[in-house]
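Student: In terms of this note's numbering, the sequence shown has 103 at position 103, counting the first letter as 1, and numbering is strictly consecutive.
Be aware that one or more of the hints could be misleading.
Computed spacing ranges between beta-carbons, pair by pair [said to hold, decoys possible]:
#1 M103 / E17: 22 to 32 Å
#2 P172 / E33: 21 to 31 Å
#3 M1 / Q105: 47 to 57 Å
#4 Q217 / T177: 16 to 26 Å
#5 T163 / T15: 44 to 54 Å
#6 D39 / Y120: 14 to 24 Å
#7 G276 / E104: 43 to 53 Å
#8 T177 / S212: 17 to 27 Å
#9 Y120 / K268: 41 to 51 Å
#10 P294 / E107: 56 to 66 Å
#11 F169 / K268: 27 to 37 Å
#12 E104 / T295: 46 to 56 Å
#13 Y41 / A232: 32 to 42 Å
Hints in this document: simulated from the structure, not taken from any laboratory. Just so you know, these numbers come straight off a predicted model, no measurement behind them. A virtual CB, placed ideally from N, CA and C, is assigned to each residue, including glycine.
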Amino acid sequence: MLKNDLFLRALKGETVERPPVWMMRQAGRYLPEFRALRDKYDFFTRCETPELAAEITVQPIRIVKPDAAILFSDILVVPRAMGIHVELKDNLGPIIPDPIRSMEQVEKVFIPNIEESLGYVMDAIKLTKEMLNDEVPLIGFAGSPWTIFCYAVEGKGSKSYDTAKGFCFSNPVAAHTLLQKITDTTILYLKEKVKSGVNAVQIFDSWGGMLSPTDYQEFSWKYINQIVEALAEETEVIVFGKGCWFALNEMSKSKASALGVDWTCSPKNARYLTGGNITLQGNFDPSRLLSPIPTIKKMVHEMIDEFGKDKYIVNLGHGILPNIPVDHAKAFVEAVKEYQK
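Using the sequences and the hints, build the whole thing.
Tutor: Laid out in structure tokens, this is it:
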């Protein structure tokens, strides 16, 4: 039995004494302990070595003490398993040297055997669960099909993903074929993660906000919802779409347990758009963790008051930044633990 099940209770919409708290990218670059491992091992070595992935996952649990752990991995392990070559370049981020721009290339992308190609992730989950010793729940995750598609077609990060969008609009059959392959792989991958022991999963739609509301329905939400439908009977599913406030109403009608909100949408508006019936997660601006500690604590308490303590998970509106002092990350978590209505 979990010693701290606050996160899972909030996901189920139960009444809680205070909301749970965790941070996107909490296992990461702001921690000196993480940077020590980063200096010794390259990125994909850290992802693919279960002992390293597990150690990185539990670092913030020991140091910052949030109410949930999120497995250290990357959304791009999925396209790599599908035969899409991905490199990670310092200061440039992910690079796909041979981006997908034709139906011929789409046809070469395959749905992998998850155990063979991503077994190291499952080993990392099992090892992490042992190390966590039932202290807190473990979250598994995947990128949304649209977000993976953006990298695969654009070939690198972008401010607007015009090439990826252009491929959808000029070659919709190839685009939908690729999106469906990514969706099918993601469903298999997340189901395997649940079998291996994660307590909940989150789908990150980092680039959903690049699409118009109409195009979002066609090229992103349709595929995310397939994943939600396939997983909802087996685990709690959180959907986080950055810049996707316009889709919150539609998302709230799905089988998702919770919806992530970024800092551009107010708590009041998020509750209004979702009808007040679903757990929400977010939405502290990550840059705000550079504020003085008393300001952070005050703002966190105000944020909880605005969202309400129930059906709410405290989080950032996106991943924690690498330049955040550890004391400020701790203060964010402590503010939630100190919260009393």
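Student: Quick check: which numbered hints come out false for this structure?
Tutor: 1 and 2
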